[in-house]
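*Asks:* Protein chains in written order, with the numbering used here: chain Z, 6 to 329; chain V, 14 to 406.
Hints are computed from structural coordinates only; laboratory data are not their basis. Among the hints, erroneous ones may be present.
[To be verified] Facing chain Z, a subset of chain V residues (Cβ under 10 Å, in silico):
id: 1; residue: Ala144
id: 2; residue: Leu154
id: 3; residue: Ile170
id: 4; residue: Arg172
id: 5; residue: His204
id: 6; residue: Thr372
id: 7; residue: Ala375
id: 8; residue: Glu376
id: 9; residue: Ala393
All of these numbers come straight from a predicted model, not from anything done at the bench. For glycine and all other residues, C-beta sits at the position ideal for the given N, C-alpha and C.
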Amino acid sequence: MTIAKAINRALADELAADEKVLLMGEDIGSLGGVYRVTEGLKARFGADRVVDSPLAESGIIGTSIGLALRGYRPVAEIQFDGFVFPGFNQITTQLAKMRARTRGAASVPVTIRIPYGGGIGSIEHHSESPEALFTHTAGLRVITPSNAHDAYWMTRQAVRSQDPVIIFEPKRRYWLKGEVDLSEAGHRGLSAFEAQVVREGTDVTIAAWGPLVPVALAAANAAAEDGRSVEVVDLRSLSPVDFDALQASVEKTGRMVITHEAPTFGGLGGEIAARLMERSFLHLEAPILRVGGFHLPYPPSRVEEQYLPDLDRLLDAVDRTFAY
Amino acid sequence: MPQTPPPTPATELPDGAVRLLDADGTLHEDARFSPYLQGLADETLQRMYRLMATERRVDQEGTSLQRQGQLALWVPAVGQEGAQAGALTALRDEDWIFPTYREHLLALGRGVTPGQLFELFRGTAHAGWTAADHRVQPYTLVLAAQTLHATGYAWGIARDQSDWDAERRAAEGQVVLACFGDGASSEGDVHESMVFAASYDLPVVFFCQNNQWAISVPASTQTRVPLARRAAGYGFEGVTVDGNDPLAMHAVTAWAAEQARTGAGPVMIEAHTFRSGAHTTADDPTKYRTREEEQAWAAVDPLARLAAHLRATGAAGADPDAFFADVAAEGEELARRTREAVLAMTGDALPTLDDVFETVYAEPHPLVAEELAWHRQWQAGFADAETAEGDAS
Numbered sequence: 006m007t008i009a010k011a012i013n014r015a016l017a018d019e020l021a022a023d024e025k026v027l028l029m030g031e032d033i034g035s036l037g038g039v040y041r042v043t044e045g046l047k048a049r050f051g052a053d054r055v056v057d058s059p060l061a062e063s064g065i066i067g068t069s070i071g072l073a074l075r076g077y078r079p080v081a082e083i084q085f086d087g088f089v090f091p092g093f094n095q096i097t098t099q100l101a102k103m104r105a106r107t108r109g110a111a112s113v114p115v116t117i118r119i120p121y122g123g124g125i126g127s128i129e130h131h132s133e134s135p136e137a138l139f140t141h142t143a144g145l146r147v148i149t150p151s152n153a154h155d156a157y158w159m160t161r162q163a164v165r166s167q168d169p170v171i172i173f174e175p176k177r178r179y180w181l182k183g184e185v186d187l188s189e190a191g192h193r194g195l196s197a198f199e200a201q202v203v204r205e206g207t208d209v210t211i212a213a214w215g216p217l218v219p220v221a222l223a224a225a226n227a228a229a230e231d232g233r234s235v236e237v238v239d240l241r242s243l244s245p246v247d248f249d250a251l252q253a254s255v256e257k258t259g260r261m262v263i264t265h266e267a268p269t270f271g272g273l274g275g276e277i278a279a280r281l282m283e284r285s286f287l288h289l290e291a292p293i294l295r296v297g298g299f300h301l302p303y304p305p306s307r308v309e310e311q312y313l314p315d316l317d318r319l320l321d322a323v324d325r326t327f328a329y
Numbered sequence: 014m015p016q017t018p019p020p021t022p023a024t025e026l027p028d029g030a031v032r033l034l035d036a037d038g039t040l041h042e043d044a045r046f047s048p049y050l051q052g053l054a055d056e057t058l059q060r061m062y063r064l065m066a067t068e069r070r071v072d073q074e075g076t077s078l079q080r081q082g083q084l085a086l087w088v089p090a091v092g093q094e095g096a097q098a099g100a101l102t103a104l105r106d107e108d109w110i111f112p113t114y115r116e117h118l119l120a121l122g123r124g125v126t127p128g129q130l131f132e133l134f135r136g137t138a139h140a141g142w143t144a145a146d147h148r149v150q151p152y153t154l155v156l157a158a159q160t161l162h163a164t165g166y167a168w169g170i171a172r173d174q175s176d177w178d179a180e181r182r183a184a185e186g187q188v189v190l191a192c193f194g195d196g197a198s199s200e201g202d203v204h205e206s207m208v209f210a211a212s213y214d215l216p217v218v219f220f221c222q223n224n225q226w227a228i229s230v231p232a233s234t235q236t237r238v239p240l241a242r243r244a245a246g247y248g249f250e251g252v253t254v255d256g257n258d259p260l261a262m263h264a265v266t267a268w269a270a271e272q273a274r275t276g277a278g279p280v281m282i283e284a285h286t287f288r289s290g291a292h293t294t295a296d297d298p299t300k301y302r303t304r305e306e307e308q309a310w311a312a313v314d315p316l317a318r319l320a321a322h323l324r325a326t327g328a329a330g331a332d333p334d335a336f337f338a339d340v341a342a343e344g345e346e347l348a349r350r351t352r353e354a355v356l357a358m359t360g361d362a363l364p365t366l367d368d369v370f371e372t373v374y375a376e377p378h379p380l381v382a383e384e385l386a387w388h389r390q391w392q393a394g395f396a397d398a399e400t401a402e403g404d405a406s
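Working from the sequences, and respecting the hints, build out all of it.
*Replies:* Quick look at the structure:
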């Protein structure tokens, strides 16, 4: 099934499993969401559990906090990445801090779904990658699935988490199909907050997440033709980052390229590079390189292909790691 | 009796505002709201006054403690006791309060101890009490954020009670008091909370204490009309009340809570009152407001008004002087205990950074675990050094 269907199925299964779960967001009910991710859920579970909310992002997040304090498990949808900012205050000053400021007395198990990233030819504010703004905030968990199987299981685990979780859904991959093992054994014991090696290799590691995992896999295939064995690690969780998995991979290959769509400067790639240098300095054959977006507002979509990390930029970075 | 100065415009009530008790303690009849005072026992009136007078004394202690360097900040509520006492005594214990940072009487009246109240201001905790114990949420410093939490919480109540009939709602239904000020009324979150509350008929009573000044910005800059009139734009009722009249506040809040409790949806109350002190101890109101204004408001002080009423009606008991002396003594005792509690927040009573590490996430988090382990080792290094020094001497 597609990633969009997998998320839909995960939400349906959580709504069915726990009557305290409810969905809220703009246009998620009758319309089924602008990407149809919530299609059919209102018809099945009713308008009071799949709520078409007023068009107010702070209101969606803020009332979700109140509902969570009352014992509910709200799953809020923000319609697009660039529109999360009216709700940013509630997420960072309230949702993230509620548990610590109440000394653990109040958990707020709110899940926030945000379709994110570029590559869909859309207009301003519809293609952004603001994940670093949230990973920098203690108290939140941030995850991003890259395939249908993970989309299903990671969504279910997020809804069940006692902590606030932000799911960045790679919108340009919503229609990417993949096998989903729905059986309980299907998640193979892998937590939504762990990384996964999605392709084994020995010469260099590409660390990627969300929309760029398919690009990283394509780069690994292309590099194999040149006789280079590329390992690809899908981070899956951006907060916490599974540094143990990354460390194991980079100590195996000695080289790493980190790629994300968000601007390179101040992005998560810098944090990962710095930590792995501390952990694995003596195992490195080359500096850890980053391939990200430029320090620009997300450009008009007619030129977004030049902005987004692609196969060629990744392969170039892989080549550069062999120059040392 | 000293001659009271003529009131300045700000002390005049907006048109249609509810006042039941005059400045001299005389009670008026009001067809709509007086019924909510029927059956108000002398004990409740006494409790109202006691809460107001003891809160004021504790509040003054807060300013003293801050001046002595014992508190990082204090947020005086002096002048607003009538609004808070009237609202609190109209709620039921089961109702929830989502305060901003100046609702000292609401918190103390719900059993939060002064020591717990002062932890935030001492810097030993962000919330000194557990919300569920008192149905009072922690203070919120980000303006208006809590109005959305209150609305969401009320949404949860509405869902929990969705299959209740009117009779059961009236008997057991809960409401949420969403507190904010005239300054916060300019924040988008107040607007959004009112939209959501109206959209889903939520049992919220929006409780705006218009104390005339948002630090140095007057209410006239925040709004061209009495704030309660905004409620009409959202499709629910708003009432402006003389916030220095505890009885009017009690009656209107009781009415509003009844509306919300029985499923009629939200109501907004604007308490027209005055913050007679500074915004916080970091503020200097002499730079932006006049002595005349402060004196005019002092003439309509809520404590004096309720005291006059208690004396005039005999509600203070057979020996009113003894009652007031008793309340004053209780205030002194509470102030003493406040000081004692604040000064005791030191040494072993202080929280540790470990507490913060351990409460930021509900589930295990490897980064926090790693940093906590590092922090503990770092701290232990100092302990080892002290032991070594001890051994050497």
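*Asks:* All hints, please: hold or fail.
*Replies:* For each hint, the structure was consulted:
| no. | hint | verdict |
| --- | --- | --- |
| 1 | Ala144 | holds (7 Å) |
| 2 | Leu154 | holds (9 Å) |
| 3 | Ile170 | holds (7 Å) |
| 4 | Arg172 | holds (7 Å) |
| 5 | His204 | holds (8 Å) |
| 6 | Thr372 | holds (4 Å) |
| 7 | Ala375 | holds (4 Å) |
| 8 | Glu376 | holds (6 Å) |
| 9 | Ala393 | violated (21 Å) |
Comparing the model with each numbered hint stated earlier shows that hint 9 is the single one that does not hold.
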